[in-house]
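*Asks:* Start from the sequences, fold in the hints, and give me the full structure.
Next come the chains, spelled out residue by residue.
There are 4 protein chains.
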Amino acid sequence: MSPETSGRKLRYAMVGGGRDAFIGAVHRKAIALDGQAELVAGALSGSPDKARASGRDLFLADDRNHGDWQALLDDESKRPEGERIDFVSIVTPNHVHYPVAQAFVDAGFHVVCDKPLVHTRDQADALVAAVARRGTVFGVTYNYTGYPMVRQAREMVRAGELGEIRKVVVEYNQGWLATRLEGEGNKQAAWRSDPARSGAAGAIGDIGSHAENLVATITGLEIESLCADLSALVPGRPLDDDGSLLLRFRGGGRGVLIASQVNTGLENDLRLRVSGTLGTLVWRQEQPSELVHFPHDGPKRIFTRGAPWLCESARRASRLPSGHPEGFIEAFANVYGGVVADIRARLAGQAADPLAADYPRVEDGARGVRFIERTVASAGSEQKWTAW
Amino acid sequence: MSPETSGRKLRYAMVGGGRDAFIGAVHRKAIALDGQAELVAGALSGSPDKARASGRDLFLADDRNHGDWQALLDDESKRPEGERIDFVSIVTPNHVHYPVAQAFVDAGFHVVCDKPLVHTRDQADALVAAVARRGTVFGVTYNYTGYPMVRQAREMVRAGELGEIRKVVVEYNQGWLATRLEGEGNKQAAWRSDPARSGAAGAIGDIGSHAENLVATITGLEIESLCADLSALVPGRPLDDDGSLLLRFRGGGRGVLIASQVNTGLENDLRLRVSGTLGTLVWRQEQPSELVHFPHDGPKRIFTRGAPWLCESARRASRLPSGHPEGFIEAFANVYGGVVADIRARLAGQAADPLAADYPRVEDGARGVRFIERTVASAGSEQKWTAW
Amino acid sequence: MSPETSGRKLRYAMVGGGRDAFIGAVHRKAIALDGQAELVAGALSGSPDKARASGRDLFLADDRNHGDWQALLDDESKRPEGERIDFVSIVTPNHVHYPVAQAFVDAGFHVVCDKPLVHTRDQADALVAAVARRGTVFGVTYNYTGYPMVRQAREMVRAGELGEIRKVVVEYNQGWLATRLEGEGNKQAAWRSDPARSGAAGAIGDIGSHAENLVATITGLEIESLCADLSALVPGRPLDDDGSLLLRFRGGGRGVLIASQVNTGLENDLRLRVSGTLGTLVWRQEQPSELVHFPHDGPKRIFTRGAPWLCESARRASRLPSGHPEGFIEAFANVYGGVVADIRARLAGQAADPLAADYPRVEDGARGVRFIERTVASAGSEQKWTAW
Amino acid sequence: MSPETSGRKLRYAMVGGGRDAFIGAVHRKAIALDGQAELVAGALSGSPDKARASGRDLFLADDRNHGDWQALLDDESKRPEGERIDFVSIVTPNHVHYPVAQAFVDAGFHVVCDKPLVHTRDQADALVAAVARRGTVFGVTYNYTGYPMVRQAREMVRAGELGEIRKVVVEYNQGWLATRLEGEGNKQAAWRSDPARSGAAGAIGDIGSHAENLVATITGLEIESLCADLSALVPGRPLDDDGSLLLRFRGGGRGVLIASQVNTGLENDLRLRVSGTLGTLVWRQEQPSELVHFPHDGPKRIFTRGAPWLCESARRASRLPSGHPEGFIEAFANVYGGVVADIRARLAGQAADPLAADYPRVEDGARGVRFIERTVASAGSEQKWTAW
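Chains as they are written, first to last, in the UniProt record's numbering: chain P, 1 to 388; chain V, 1 to 388; chain Y, 1 to 388; chain A, 1 to 388.
Rather than coming from a laboratory, the hints here were simulated on the basis of the structure. By construction, the Cβ of each residue, glycine as well, lies at the ideal position given by its N, Cα and C atoms. Worth double-checking, as some hints may not be accurate.
Examples of chain V residues toward chain P, derived with CB under 10 Å [as the list claims (entries may be wrong)]:
id, residue
1, Cys-227
2, Val-234
3, Arg-273
4, Trp-385
Once the Cα atoms are required to be at most 30 Å apart in a straight line, the calculated BS3-like pairs of lysine-lysine come out as [as the list claims (entries may be wrong)]:
id, chain 1, residue 1, chain 2, residue 2
5, P, Lys-50, P, Lys-9
6, V, Lys-78, Y, Lys-187
7, P, Lys-9, P, Lys-78
8, A, Lys-9, P, Lys-50
9, Y, Lys-78, V, Lys-78
10, V, Lys-9, Y, Lys-187
11, Y, Lys-9, V, Lys-187
12, A, Lys-78, P, Lys-187
13, P, Lys-9, A, Lys-78
14, A, Lys-187, A, Lys-50
15, P, Lys-50, P, Lys-187
16, V, Lys-78, V, Lys-187
17, P, Lys-187, A, Lys-9
18, Y, Lys-9, V, Lys-9
19, Y, Lys-50, Y, Lys-78
20, Y, Lys-78, Y, Lys-9
21, A, Lys-50, A, Lys-9
*Replies:* Next comes the structure, spelled out in structure tokens:
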């Protein structure tokens, strides 16, 4: 670590995530967990008054508690290096991601942005290009990739323990939108079911994109073509709240992806099953510290977080001994841990340790945008298969 | 019970199910369990020598231990009423179902036949017509419908506890055909992967048809159109070993059906999730005595077999107190229990108690044949939706 | 197989198990399952009228449907070998076990008797001596030992896979006696809570003895001393409905045994955990097809019934492929299968295959009686440890 | 909130928890999670050099990074109110708890101390008296009480949903001390198995005390007498690594408490079952977001964290929507949340909201010390029951 960066926490700002928001607080807790970065500035809401009130809740200094993100960007751009933020975290509704991310990247700031990255493939391409041009760090919080057992699964597939992958079934089932919450003043439901803010897709964008990312992260498979059925099963909803896809992967594997927010009573049931010639892996987000392995030649094995026989990537993603449950925030913190490691390496003028700087990048975000766009195209087509 | 039938066990014959067979022994154990019927005759194999050897294993009298099913039929047709079988159980490979079933029905015998019922819709229609004409009992061993908790689920849906059904996901995953067992002398694998014996479908016919039946039994929903992707993922296999379908039900519900025999390491993972406006039900065949209910307005509930608060249909399908595990054979026995109750009622000249004579009928079998035929048609089509 | 025994089912009689009984029907179903023996005679109740009515329900011939067990014994003793029963199954309330068992053994009959074997150590010793004298087969239906995964656990311990056993925790928890059912006309509750019929112990005799047997079967450990606390937690009950014991095994291992029938809502929660220097095994009766193994040097493994890598004893105890649930009756049938194999071997004048003739013997039953007697002694003592 | 305390984070110091320590980092992460307090000072090790190096790792200012706790106390005592710490967190090995806690309380500081509180009942009594005298806040990190579902269980018992409690079984099983780690340089194992540092008990003090606290917290029952068997099952270990207790509660309830660190392969298996006249509750720490309820009159229910039908105390203890796993650190943070709420109330001159200031107190710690002392006494006695 260089003299500049050792001995201090990184500084970050947040855009979005004020009062009534959900995911902003998760980002902050995740960052706080490891004590490696501290919130020093923000533009915490699209409404200036709410933004400032939210900043006071978080003990922000008045001069870094802004009413809008442009003011934040201006202010940080002018500050000297020893004060300036090391990165910005963008946790707004989807439609605000693009302008903020583009502006901060263009100004040379490192960025963490929530998913789905942006609304259109053009925006995604522009952002990828900008990050490449400026050489900045850009993390996308596909937070489920931060779970140690997801990393273990990825490593087992890479090491060939499943052989050739034949079948992937991924589901992301929730029940919270089984009624028209968006008509009852629920802010989270309202923006997610509004095409102007959420984008062209509802459930498929909000949670289906996590499912797509999980498959890509763990298996490395590329979708060749897909066949989607998207529906708004709750009457009056303008965007899909339920979607099912048949997938064909390059190389011959087959898949099914299900994302639904109308499974009454289900909570956050993201689950994956990957079968190959030599074995099957099963992972469930609601029991994240277990990874079930069905080898072809012996009894089912359950890998648990914290065990010494896990791969290094999984071991590093763990903070507590086995049996002491970790959860959603720790996984989120692992994504941030990767971003922080990458930024610290750059501040120190060093190459990042790939095992440390392990986080979803802007390209993952762009692929997710393409997934949504292709899915929506397929859903509107009479043809069975829509090419990637 | 009439004087003729009380005080005696029913008599049955079996066609198929000799040495090396799998499912025949299950049928026999299921029938034996309740002591209501006894095996008195058989043509237990397509090979006369093996048939007779198998009959001797089962303590059959020599004069009722036949080398082929035609001889069995001839013999039983000639016997006096007090000796003649009350029903025949057909447990051969698929391609033999039709001729045997048709001949016994035409001769006025009650029949139990394994699934899938027959190879073609024409055969199915002919059989349905013959059963109607002769007025015989005809049961199809969709054995999973015999589980008490499947009956409980059916009752909860009928009673409106899930509200309007929106989404159904059914999976039947096995791993035993993940290698080319059919090339290694495995008899079960050999006939199932041979189109001449298995029919136009592999996994979809063998296990997908159970999944279809489970959905129809529990939800009562009718498929309006479907979109199938069938694959032979093990190289060199002439029939599908993996299939995934998108389903649209009349009335607007959506569904996914997955059947695969190449999920390395998985055993007999039939599972169903049904979500409606008021709740979700989940059932897994490998843990058959539990039915998980997610109501919209309270905590998840787990119904278990044997509890006094189950519906009468579920309670009657149970032999042991709760916590004393029942399994596959008991479910199978419940199908036979329904058939036996129906036959005993007819022998007594009475109408059967519907709760007792609860078993899948020839029409269910015919619908299953149509499901296979429509799925194979869809798999060969470039169009997204194939109408039922 | 000798000419006499091949080609025929064994014949058995039952004492007890008539209308309103619970366990008798389980014995009959278990025997029927494999088609190796048939019920030909009985004295199915202590009340002659009920005995005969029960026999008619089971299609017994009138001349072998007796009003009391002495008549049954007399009749069978007089019948020629080709008609006479091969064994008798005693499924009465506990207090009737001893006179019936002693009389049939003395007359040279093979016997299967339910547990707990008898009321007193003197009775147990007399029975052990009689069996030794007459050289008869005597099985005790500690049915839980018939589960394939219990046999797998026993084999893994014997093979040293757990190293030296240090700690055993066994629990048998039920809830059905959480209210005074015996005051509400429940026959099962009535005799179990009546010292004259149940013996000196309630829950400890009824279910604690199963727990003791399970520990002994799987671990082979011998209790050196014990410390018991027995209570009647439901007011007005004359026998214990809850008991907890500290155990010290010869060689230094430690244990805890819990048996309770007042755990409201619990069903039949028999569970065992055995920890040794090299690993831990966990088994639960309510999910009997799984055996969980925690090795010291790798991830948790779950052995499932029907897998090819199980020991031969477990594989033989299984009738269906993995994933097709087996349950309580199959485990029971495995005990009978052992008895039948032993009887068939004797009829054939051969030594029994030890893997086939695998069933709890009269000595196991006698040890169970001693366990109950020592536990009751400890419960009445102010001293911490009561020697075995 | 008063002007003094709103708008700022609380300040805290830590004693212990430096490099190589385990639990100190957990305390820091737990405090950081909610952003309500920040570490400003410390004496992070008993070794001055290691203490200071550890403080630099945590970005402590040099003048508040002390080599020993006396220096920390002196320094903080002299600082003006606006700088001085609001509380100290004591996370040293057990033998250091007492002198540090006593000194800080005597100086009027609020304290959080790890468990077991101190070594002897005299120390415990002195500490309770000091806290009463000074009127300070004193929290003990019985962290498992911080889990939302533990609070739900406590509330359900208090509300009478279980009726009268009859039986409690609590187990805390680990496997990490199944070998003599203390002889292999493992610091955590070394001090825990050293009577001088750990106290009179090993496993019973380290984890048995958590079990005792969990029972007391959830059920409110008081132990009347106990009967303990403590063993060092790993040869050469001077303190118990395995213990089992029979418990009798005032009012007639019965219990079993098991604590063992030699269950090879088990991780952190703390579990509780409480049965009353109206129902049973089961909770397992390794799946902390589920609370299983067996009511006497309906199916098993599984309460999950985050549901709207939980009690207010459970709802407040939760940060994320249901299905987004929380874990060990969140539970720990809930204990600190209670302490912080109590301190903030005092700073504001107000009475604390009891639902907010919900944390284990010095009296709970003292009761835990008594439990250890009574258990060790019983283990050395030949008498069955040792009075509380």
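*Asks:* Against each hint, give a clear statement of whether it holds in the structure.
*Replies:* Going through the hints against the structure:
Because the beta carbon of V:Cys-227 sits about 6 Å from the nearest beta carbon in chain P, less than 10 Å, this interface hint is met. For V:Val-234, the interface hint holds, since its Cβ comes within 10 Å of a Cβ in chain P; the closest pair sits about 8 Å apart. Taken as an interface hint, V:Arg-273 checks out: its beta carbon lies about 7 Å from the nearest beta carbon of chain P, inside 10 Å. This hint holds: V:Trp-385 has a C-beta 8 Å from the nearest C-beta of chain P, less than the 10 Å allowed.
With a C-alpha separation of about 27 Å, the suggested pairing of P:Lys-50 with P:Lys-9 holds against the 30 Å cut-off. Proximity of V:Lys-78 to Y:Lys-187 is assessed by CA-CA distance (about 49 Å); at most 30 Å being required, the pair is judged violated. Between P:Lys-9 and P:Lys-78 the alpha-carbon distance is near 20 Å, which keeps this suggested pair within the 30 Å criterion. Between A:Lys-9 and P:Lys-50, the direct Cα distance comes to roughly 21 Å. Compliance with the 30 Å bound is thereby established for this hinted pair.
Of the supplied pair hints, the one linking Y:Lys-78 and V:Lys-78 is violated, its CA atoms being roughly 40 Å apart against a limit of 30 Å. Restraint check for V:Lys-9 and Y:Lys-187: satisfied, since their Cα atoms lie roughly 29 Å apart, inside the 30 Å limit. About 29 Å separates the Cα atoms of Y:Lys-9 and V:Lys-187, which keeps this hinted pair within 30 Å; it holds. A threshold of 30 Å between alpha carbons decides the hint, and for A:Lys-78 with P:Lys-187 the separation of about 49 Å lies outside it, so the pair is violated.
Taken as a hint, the P:Lys-9 and A:Lys-78 pair is honoured in the structure, with Cα atoms around 28 Å apart against an allowance of 30 Å. Among the hinted pairs, A:Lys-187 with A:Lys-50 is consistent with the structure: their alpha-carbon atoms are about 14 Å apart, no more than 30 Å. With a C-alpha separation of about 14 Å, the suggested pairing of P:Lys-50 with P:Lys-187 holds against the 30 Å cut-off. This hinted pair does not check out: V:Lys-78 and V:Lys-187 have alpha carbons roughly 34 Å apart, beyond 30 Å.
Pair hint P:Lys-187 plus A:Lys-9 holds up; C-alpha atoms about 29 Å apart against a cutoff of 30 Å. Restraint check for Y:Lys-9 and V:Lys-9: the C-alpha separation of about 17 Å stays at or below 30 Å, so the hint holds. Distance check on the hinted pair: Y:Lys-50 and Y:Lys-78 sit about 24 Å apart at the alpha-carbon level, within 30 Å; holds. At most 30 Å may separate the alpha-carbon atoms for a hinted pair to count; Y:Lys-78 and Y:Lys-9 meet this at roughly 20 Å.
In summary, the hint linking A:Lys-50 to A:Lys-9 is supported, as the alpha carbons are separated by about 27 Å, within the 30 Å threshold.
Violated hints, listed in ascending order, are 6, 9, 12, 16; each of the other numbered hints is respected by the structure.
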